[in-house]
Amino acid sequence: MSLLRNIASRLRSLLEKKRAAGELDEELYGFLEMAAEEKTKQGMTPKEALRAVRLERGTLEATKEIIHSAGWAFLLETCWQDFCYGLRALRKSPGFAVLGVLILALGIGANTAVFSVVHAVLLRPLPYNDPDRLAMLWVSDTRSVGWAVSDGSTSYQDYLEWRRQVHSFQDLAVFYKRGWSVVTLTGEEPKKVQGAFVSSNFFPLMGVPPLLGRAFTEEELRRRERLIVLSYGVWQSRFGGSPEALGQKLYIDGKPWQVVGVMPPEFRFPFLAGNWEDHIEDEVQLWAPLTTNPSDEPSASGSLNVTRSPGKARFQVVGRLKPTVSIGTAQNEMDTIARRLAGEYPDSNKTLGVRVRRLDEYIAGEMRRPLLLLSLCVLLLLLIACTNLATLSLARGVARARELAVRAAIGATRMRVVRQLLTESALLAILAGGTGLLLAGPTVRMIVALSPVNIPRLDETRMDAAVLAFSFLLALLCSLAFGLVPARRFSACDPHELLKTGQQSTATNTLPMQGLLVGAQFALSLVLLVSAGLLIRSFVKVLEIDPGFRPDHILTVRMLVSDPDAAPRGRIADYYQRVLERLRQIPGVQAAGTVSNIFFLEENRNHALRQVEGHPAEPEANWTPLVWAQIGGDYFRAMGIPLLKGRYFHSLDGPGSPPVAIVNQTLAKRYWPGEDPIGKRLKGFDPRGQNDDWVTVVGLVADMRSHGLERAPMAEIYEAQAQSGEATPNLVVRTSSGPVLPAETIRATLRSLDKGVILSGIETMQDVLHEQTAPRRFQAWLMGLFSSLALLLAAAGVYGVIHYFVAQRIPEIGIRMAFGASRTDIVVLLLRRAVRFAGTGLAVGLALAYWSASLLKKMLFGITDTDPLSFVGALSLLVLAALAATYFPARRATRVDPMVALRYE
Amino acid sequence: MPNKPSDLVQGTLDMLLLKTLALEPMHGYGISVRIEQMSRGVFRLNAGSLFLAIQRLERAGLIKGEWKETENSRRAKYYALTEQGQKRLSSETREWGKQVAAIARILEAS
Numbered sequence: 001m002s003l004l005r006n007i008a009s010r011l012r013s014l015l016e017k018k019r020a021a022g023e024l025d026e027e028l029y030g031f032l033e034m035a036a037e038e039k040t041k042q043g044m045t046p047k048e049a050l051r052a053v054r055l056e057r058g059t060l061e062a063t064k065e066i067i068h069s070a071g072w073a074f075l076l077e078t079c080w081q082d083f084c085y086g087l088r089a090l091r092k093s094p095g096f097a098v099l100g101v102l103i104l105a106l107g108i109g110a111n112t113a114v115f116s117v118v119h120a121v122l123l124r125p126l127p128y129n130d131p132d133r134l135a136m137l138w139v140s141d142t143r144s145v146g147w148a149v150s151d152g153s154t155s156y157q158d159y160l161e162w163r164r165q166v167h168s169f170q171d172l173a174v175f176y177k178r179g180w181s182v183v184t185l186t187g188e189e190p191k192k193v194q195g196a197f198v199s200s201n202f203f204p205l206m207g208v209p210p211l212l213g214r215a216f217t218e219e220e221l222r223r224r225e226r227l228i229v230l231s232y233g234v235w236q237s238r239f240g241g242s243p244e245a246l247g248q249k250l251y252i253d254g255k256p257w258q259v260v261g262v263m264p265p266e267f268r269f270p271f272l273a274g275n276w277e278d279h280i281e282d283e284v285q286l287w288a289p290l291t292t293n294p295s296d297e298p299s300a301s302g303s304l305n306v307t308r309s310p311g312k313a314r315f316q317v318v319g320r321l322k323p324t325v326s327i328g329t330a331q332n333e334m335d336t337i338a339r340r341l342a343g344e345y346p347d348s349n350k351t352l353g354v355r356v357r358r359l360d361e362y363i364a365g366e367m368r369r370p371l372l373l374l375s376l377c378v379l380l381l382l383l384i385a386c387t388n389l390a391t392l393s394l395a396r397g398v399a400r401a402r403e404l405a406v407r408a409a410i411g412a413t414r415m416r417v418v419r420q421l422l423t424e425s426a427l428l429a430i431l432a433g434g435t436g437l438l439l440a441g442p443t444v445r446m447i448v449a450l451s452p453v454n455i456p457r458l459d460e461t462r463m464d465a466a467v468l469a470f471s472f473l474l475a476l477l478c479s480l481a482f483g484l485v486p487a488r489r490f491s492a493c494d495p496h497e498l499l500k501t502g503q504q505s506t507a508t509n510t511l512p513m514q515g516l517l518v519g520a521q522f523a524l525s526l527v528l529l530v531s532a533g534l535l536i537r538s539f540v541k542v543l544e545i546d547p548g549f550r551p552d553h554i555l556t557v558r559m560l561v562s563d564p565d566a567a568p569r570g571r572i573a574d575y576y577q578r579v580l581e582r583l584r585q586i587p588g589v590q591a592a593g594t595v596s597n598i599f600f601l602e603e604n605r606n607h608a609l610r611q612v613e614g615h616p617a618e619p620e621a622n623w624t625p626l627v628w629a630q631i632g633g634d635y636f637r638a639m640g641i642p643l644l645k646g647r648y649f650h651s652l653d654g655p656g657s658p659p660v661a662i663v664n665q666t667l668a669k670r671y672w673p674g675e676d677p678i679g680k681r682l683k684g685f686d687p688r689g690q691n692d693d694w695v696t697v698v699g700l701v702a703d704m705r706s707h708g709l710e711r712a713p714m715a716e717i718y719e720a721q722a723q724s725g726e727a728t729p730n731l732v733v734r735t736s737s738g739p740v741l742p743a744e745t746i747r748a749t750l751r752s753l754d755k756g757v758i759l760s761g762i763e764t765m766q767d768v769l770h771e772q773t774a775p776r777r778f779q780a781w782l783m784g785l786f787s788s789l790a791l792l793l794a795a796a797g798v799y800g801v802i803h804y805f806v807a808q809r810i811p812e813i814g815i816r817m818a819f820g821a822s823r824t825d826i827v828v829l830l831l832r833r834a835v836r837f838a839g840t841g842l843a844v845g846l847a848l849a850y851w852s853a854s855l856l857k858k859m860l861f862g863i864t865d866t867d868p869l870s871f872v873g874a875l876s877l878l879v880l881a882a883l884a885a886t887y888f889p890a891r892r893a894t895r896v897d898p899m900v901a902l903r904y905e
Numbered sequence: 001m002p003n004k005p006s007d008l009v010q011g012t013l014d015m016l017l018l019k020t021l022a023l024e025p026m027h028g029y030g031i032s033v034r035i036e037q038m039s040r041g042v043f044r045l046n047a048g049s050l051f052l053a054i055q056r057l058e059r060a061g062l063i064k065g066e067w068k069e070t071e072n073s074r075r076a077k078y079y080a081l082t083e084q085g086q087k088r089l090s091s092e093t094r095e096w097g098k099q100v101a102a103i104a105r106i107l108e109a110s
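Order-wise, the sequence lines are chains A and B. Each residue of the first sequence is one higher than the last, beginning at 1 in this note's numbering. Each residue of the second sequence is one higher than the last, beginning at 1 in this note's numbering.
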């Protein structure tokens, strides 16, 4: 109550300031007069009396000031004064203002940009209800080394067991992704769309209700009703966002599905996580009941493919934890369940474990480390910028020392001077924050454009309120960081001393401090430059790798026959055959082939051949990654993989002839070291053992890095598509010279043979490789950019300090030259100064960089974390920068005319 | 009269002002003279702190000002205790007594 009244009366007094001031004046004046009257009664002259009263009671003006300064109004007023004064001060030295704002804006802009990315990818909660309690569960095979975190699939039977036994989770839901070709009733060209089959409890578990319509029920799922829930994107693009979409039919792989619901735009699941085959356009757009996959044979029991065979394990499991259960507890319980299952079903589950991970961590996946690294880098950059600004402010503060001394002399308290200086730096920082935001916009776009395609949620990066708040806070923090040093320094000056001696004495005192700050900038810049050097060198090393084939002049296409599950094997083989024949007739086409998979970029499980003639079974400990690929046409010639021995497949290798295979060098070395592999016989690994025929090796080809450029080639066996009958959807076409085959030509050719074929990923091989190196390119670019900025800032810092030093020492230099110092002596004097500043910083920086490089170890390729070139390069860049930054002021110093210089004294 | 008047114990000025005004309504100068007299010159108020205290008390509604003629036919603002001020004075006096006694006990303890 009294507080309210208090505020009210203060506000009133603020409004009625004038009137109140008038009354107060009268009252005070009366007070002093009465006191003076008393004195005259005691016999003083009126003049003496007035003087006595002033001495005893304070003057009218001082009293008014005291009373005035107790109010809030006063605080606001002085802040405003400081603000105006700060603005004027900045306007008076526009060079400093512009430079300061730019330097800080660089730092703030870079931080804002990186923060908005980190915010979108790592920090923002997932668009589900209570996302902290969602987790992914998947099977891990204890045999394999480094089995992929992101894509361990689970068999349906295991899911059912988990769901029956587990107590840590409220519920578990199951889903799997699948590419579909989709047409609407209006009969558009089929388009490949990623869909997911999900269990009926999936949507309730995620806790997101459909925007329109509904999800499907358990009952409908059991009845295998072809119902579908659309993503917001498909609803917009295929149905124009009309509510009439509900109840309409969508043709998927030739069969009608009824639309029952539309999800809100922010709902995306599953997010893409580190899968190279699926690009962003392949995000899941449709959700259908788990039981409606047409390729699943409806069995009598109505349940799904319940085989335990790992080959058929294609399900992914998402769970919602009970409110009080931690992820660790859940993991422990799942471990117990896994052990129990291993005991019950030793055939299938003996080596299987279960991994549980928070959904957000699962989605962010491997992007965590690079993004955190990036955040650290920009933070360092900001630190450098702040240090730089502190040096500048110090230099400028020396020039202003006299002004501050005058202020102190006429009664400004130390607090008041500090506040004034801090207000100025805050003003600068806010200006810089604004400019930084302007810089951040393009930087974010650049980061998104440069980024590898597989960063989940990166496309959702926005400059939203959180980002704005972040950069504003950052600006204020910076203003404290760079403003406090000079403010403390100068407010502590003794005004008497300063006014007596002028600037010189204090000026020299700030040099050690400036030197320290410059040293710090060099140390931090060295850390950044070395890290950037290491990452750039790794990137270059990756680019230098021989991929094992010739990526020039190759166009790749993925062609999916519209209904792969329904089409008979022979028809697909026939289609490939006709495609290849037609392509060969196109002028300029040198070779064309098909393959099941060109690259196997995910971690591959360790395997062994089931049997190799004349060899004992391979112990599990010796297993390494091994893949089978099916090829058709002139695949090797199209890719430019040289045949080392034996022969290619030819038209006689058909379903009726004895099975043959071509192996690569790694495989040959693994099983027949030092022997000729041609004519050797082998049998496939487990899931492929449907027929027990011996496969004869007829050819040996060179290794290619199908496992990713950065991994050593793995053992590979190639089969003829005609013999294995499996789909080889990847088409590889090599043209003789000139540009690669136009995408349009290939599209038209393939369509003319099958209207319903779905084409995707029409890319040159060079682009494919480019994408594979995208994460490294991303890191190298950004680190390069940020560290060059750091270099620039460090150079500016040295320049500022030496320039300032020269300006201060002109009389001294004049005297030295008058006494016979040569120009070289002067330059050496200055260089020695610069080296002392930068050198100490570089020494400290070297130790820091050595340590930070060891943190980067895991991200390096082809070099060690003590790579001499990176260290020496970074060091010499900085030394050069220091020398260049000293050169210009030094040149100015040597032009000093002793006579002119001495006149200053 | 001592040359250097003592500083008031922190926070006691308000209480002294209330006490002074409890006797009779008075203007600013009157208050300062009265406090000086009553303290036998130990406390001397400068105009700044006096008027700050007056404003503070008036805002809190403990005293009320009114412009009047003085005996020397000069206009001055006279301050009087409000009912609330009366209550505050008696409660503060009680509290002060307690504190002084307590402090004295502490200081005398050996």
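One or more hints might be untrue.
What the hints assert, rightly or not - So the derived label-pair ranges between C-beta atoms look like this:
no.	chain 1	residue 1	chain 2	residue 2	range
1	B	R75	A	Q81	52 to 60 Å
2	A	L376	B	L107	43 to 51 Å
3	A	R488	B	L107	35 to 43 Å
4	B	G97	A	S69	29 to 37 Å
5	B	E36	A	T40	17 to 25 Å
6	A	M415	B	R105	56 to 64 Å
7	B	R105	A	T45	47 to 55 Å
8	B	G61	A	P442	33 to 41 Å
As the list claims (entries may be wrong) - Facing chain A, according to a computed beta carbon distance under 8 Å, are these residues of chain B, among others:
no.	residue
9	A47
10	L52
11	A53
12	Q55
The set of hints was computed from the structure by calculation and includes no laboratory data. On a predicted model such as this, the values are computed, not experimentally measured, just so you know. Built from N, CA and C at the ideal position, the CB exists for glycine as well.
### Query
Which hints, by number, does the structure contradict?
Of the numbered hints given earlier, those the structure breaks are 1, 2, 6, 8 and 11, listed in rising order.
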